[in-house]
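Please arrange chain S on chain D, whose structure you already have, making use of the hints.
Protein sequences appear in the order of chains D and S.
My numbering puts the first residue of the first sequence at 1, with every later residue one more than the last.
My numbering puts the first residue of the second sequence at 1, with every later residue one more than the last.
Keep in mind the hints are simulated off the structure, nothing from the lab.
Residues from chain D that keep clear of chain S, each with C-beta distances beyond 12 Å, as calculated:
hint	residue
1	Pro-35
2	Ala-42
3	Gln-82
4	Thr-120
5	Asp-128
6	Asp-265
7	Asp-266
8	Arg-331
DSS-like cross-link-like pairs, simulated, lysine-lysine; straight-line CA separation at most 30 Å:
hint	chain 1	residue 1	chain 2	residue 2
9	D	Lys-201	D	Lys-26
10	D	Lys-201	S	Lys-166
11	D	Lys-314	S	Lys-166
12	D	Lys-127	D	Lys-26
Distance ranges between label pairs, derived from CB positions:
hint	chain 1	residue 1	chain 2	residue 2	range
13	S	Val-112	D	Ala-309	43 to 49 Å
14	S	Val-28	D	Glu-69	53 to 59 Å
15	S	Phe-5	D	Ala-317	50 to 56 Å
16	D	Glu-222	S	Lys-166	36 to 42 Å
17	S	Lys-166	D	Leu-34	48 to 54 Å
18	D	Ala-317	S	Ala-203	56 to 62 Å
19	S	Gln-185	D	Glu-222	36 to 42 Å
20	D	Arg-275	S	Val-116	43 to 49 Å
Cβ coordinates follow ideal geometry from the N, Cα and C atoms, glycine included.
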Amino acid sequence: MSAHETGVFFYLGANHHAAPLALREKLALTEDKLPAFQARLAAIDGLRGTVVLNTCNRVEIYGLANAPEIIARIEAEFCALQDFPPETFRDVRQHATGRDAIQHLLEVASGLDSQMLGETEILGQVKDAYADALTRRATGPALNRIFQKTFQYAKHVRTSTAITAGQVSIANVAVDLAQKIFEELGRTRILLLGAGDISEKTARAFQSRGASALTVASRTFERAMALASDLGATALPFGHVPAHLADYDVVVCSTAAPEAVIRRDDAEAAMRRRRAQPLFFIDLAMPRDVEPSVADIENVFVYNLDDLARIAEKNRAARENEVVRAREILREKSAMLWSQIAPESPSPGPSRRGDAS
Amino acid sequence: MTETFLTDRAWLWLAAALYLGGFLFGVVPLIRRGRHSNRLAFFIMLAGFAAQTLGLYLRGKAISGCPIGNTFEILQFTTWSAVALYFVVGAVFRLSLLGFFTSAFAAALSLVSLAVPAWDAVRRASASGGNAWVEFHAALALFSYGVFGLLALTSAMYLLQWFSIKRRRMDGIFSLLPPMQALDQINLRLLTTGVVLLGASLAVAIIHWQRTAGHAINSAMLFLGAIWFLYAVALSFRRANIVPARRLAWVCIALFTVAIATLGVIDAHRLP
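Next comes chain D alone, as it looks inside the complex (with noise of 0.2 Å):
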């Protein structure tokens, strides 16, 4: 397959290096747009294949043309349904051809170019987009196997790597030190005091992990009840949290109170009737809601604000020292993707991102 056989393969688009959230916002394909985008680029002379990455952080368009002058007219073409001033969409804009193309597409897939470092979901949204492409009829040979590839090597960085090793959100970190105690969530009583923001993030992450046994108190009765419905929960009356105490695993503070709502001889009563088992307190208020000395009592955790964010912090570190790394496996791999797509082309130098190569 040659070069001229293949087309230019290329991506363009806008992301969150560039672009800031009010623009993304308006660059962003809304669902009844996409399809008329499609059918846009569909009718394009030259253009051999298109996958269209629709994200929260990113509008990219990844393709095959029959000249670098193509990727001009699917600029405009976006920009014009997009009703959006094609001069903003060039400072803003990110695009490349060839082998860089594939390295970015790489990068992508893996979560090295996205906002939370080696996330995951990314990988997910790449093979959506693909396979809508797929559906569509919208892929050739040589598209197909960028992709496939692409997935596969997403893959091997991943495990070969640390890039997507630890949590680093306060609350994944949270509901990790849980499962670190407890093992099995689905069989972790779980008490959530405070009917906040904080509270709801970090019962949905505890959800997304399989647990099913909370129970919301606040202050405000018909907060924690409200809440307790969202979550589908059961709701507690602050004033029977310090009797019942014994009876959760977790107990999740975040409660606005301007001094500690669990006091040391609260924790020391529960851990008596709890005879041996456990207990962990995740306090995310601020001042905090635990007392100090609650977490001297054998066999009772006790995590803050701070401890979690150091792990949290830690686990970025940690991830961002993989990069290196995690780079240099996919320029190797892109640099054999490109070979195989088109075999005598010579390799480009790097090119700078936002700069067409």
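Frame of chain D, contents of chain S only:
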């Protein structure tokens, strides 16, 4: 001892070297990258187990009985039991790092037993004095020691995990340890198995050995009985939730240390 290209002792040396190799293959990536690659370490350990099985088989064949006739053989048999159990427990419960700890334990115990030639200088012609029931008792008792050995390892893993969570140390080896509750469950199961096996061993001894030989209960039996009693008490207390898992872990390590340190005493006081 037997006509093969390697003697039984050479096979046991090879097994010890393989166990050590398995441990080193586990520890290097752990130190370098904080990651554990267990596939190669597992196969090295499996090769070690095969070599040890062959070594013990050759020795058993040569003496026409179970190779538990001196301190060296007792230590080897205990190690073999612990590793055999690891392959069962590890396969069923898939506990991360258990192989790593087992390989360290097996390498240490095997090398210590091989390093002291005096422990293998003399041996009884038959550990049981020719009585199959007594031989069964001794084999059961030593197999229970293997169980307690593995229990000491999972207890140490529990304590490391407890320390890491309590003291907020989540990096390196700590990040790879299994959940505390999983380790507690394994500890309870191993403890129950060990107590049942040692209890059965004592029952066999009391019913068949003492009756047929007409001997009074000797100090080795009393010592084994005391070990069994202490493990049984620890098990009852934990089952009743009187003792937290952390204290049980300490007790299991302490009891196994005592049991293994006094193996020589038990061996010396066995009936001929």
